[in-house]
Amino acid sequence: KPIPMRLFIHSIILAVLTFNAAHTVAQEECLTDEVHDAMLETSETYARNFDAVREAIALMRSSSQRSMETITLPVVVHVIHKGSPIGVEENISDEQIASAIAGLNDDFRKTPGTPGDGIGVDTFIQFELAKRTPDNQPTNGILRVDGSVLSGYSEGGIRNKTDVAGADEAAVKGLTTWYGDDYINIFVVTEINDNDGQGGTQGFAYPGPTFDVNDGIVVLYNAFGLVGELKPG
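Counting in this note's numbering, the sequence shown runs from 1102 upward without gaps.
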């Protein structure tokens, strides 16, 4: 039985986050672990969805009939800025966004001659910026929204805690989320939990499908892509 698109997407996100979590600073808990554990405790629906993801991953691993046809998944990048012109500071350029997708593809396809050509294998999974909107209109897969319309966003970015500055996570994502099973939402933000876009959490997501506004990946603007407005390292 085919794996539903939603579960397939989230099994991929889970794999990416597991890899990235292994490279975080040891003394700092990965925020993905924190939000995931909280959702497991408070939402039976989320727990069931996550179990379904694990079953989907197990099915893929055990299947001897997996097709080697390349699967392309559409991505929509939501740049949530503070009013800067395009290409300046947090309102990152189209070029920077394109470099992020290219780097992701190099990793998943194990492209020769790139940093993605390390250990591991070609997954036959690749990504592209979405070409059609939910209403079937042409798009370049990049949406830009001024997050300063939300109280706290200019001061602390996006937050999912109550004891820090910033705008509520659901409110920020609600400005621009594309719902449905057809896209991977990536939210590029100025700060995460009032970290000034520097140390601390660089990005997070919910491994189990939430089937609501929380679905998607959050990442700092200066930790996304291979060129442009990037912090050292």
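If you're looking for bench data, these hints aren't it; they were derived computationally from the structure. We put the CB at the ideal spot given by N, CA and C, even for glycine. One or more of the hints may lead you astray.
[Said to hold, decoys possible] Dumping the calculated BS3-like pairs for lysine-lysine here, alpha-carbon to alpha-carbon at most 30 Å:
1. K1332 x K1211
2. K1211 x K1262
3. K1183 x K1332
4. K1262 x K1183
5. K1332 x K1262
[To be verified] Label pairs and their computed distance ranges (CB to CB):
6. V1328 x K1232: 33 to 41 Å
7. I1187 x D1236: 18 to 26 Å
8. A1159 x K1332: 32 to 40 Å
9. V1314 x D1264: 19 to 27 Å
- request: Could you see if the CB distance from I1187 to D1236 stays within 18 to 26 Å?
  value: Holds, at about 24 Å.
- prompt: Can the restraint linking K1211 and K1262 be considered satisfied, given a maximum Cα separation of 30 Å?
  reply: 37 Å, violated
query: For the pair supplied as a hint, K1332 and K1211, is the alpha-carbon distance within the 30 Å limit?
result: The hint holds at about 25 Å.
Satisfaction of hint between K1262 and K1332, Cα-Cα up to 30 Å: 25 Å, holds
query: Do the beta carbons of V1314 and D1264 sit within 19 to 27 Å of each other?
result: With a Cβ separation near 22 Å, V1314 and D1264 satisfy 19 to 27 Å, so the hint holds.
- prompt: Taking only the CA atoms, is the gap from K1183 to K1332 under or equal to 30 Å?
  reply: 18 Å, holds
- prompt: Is the distance from the Cβ of V1328 to the Cβ of K1232 consistent with 33 to 41 Å?
  reply: 23 Å, violated
task: For the pair supplied as a hint, K1262 and K1183, confirm whether the alpha-carbon distance does not exceed 30 Å.
output: 21 Å, holds
- request: Confirm or reject the claim that A1159 and K1332 have a C-beta distance inside 32 to 40 Å.
  value: This hint holds: roughly 37 Å between Cβ atoms.
Of the numbered hints given earlier, the model fails hints 2, 6; all others are met.
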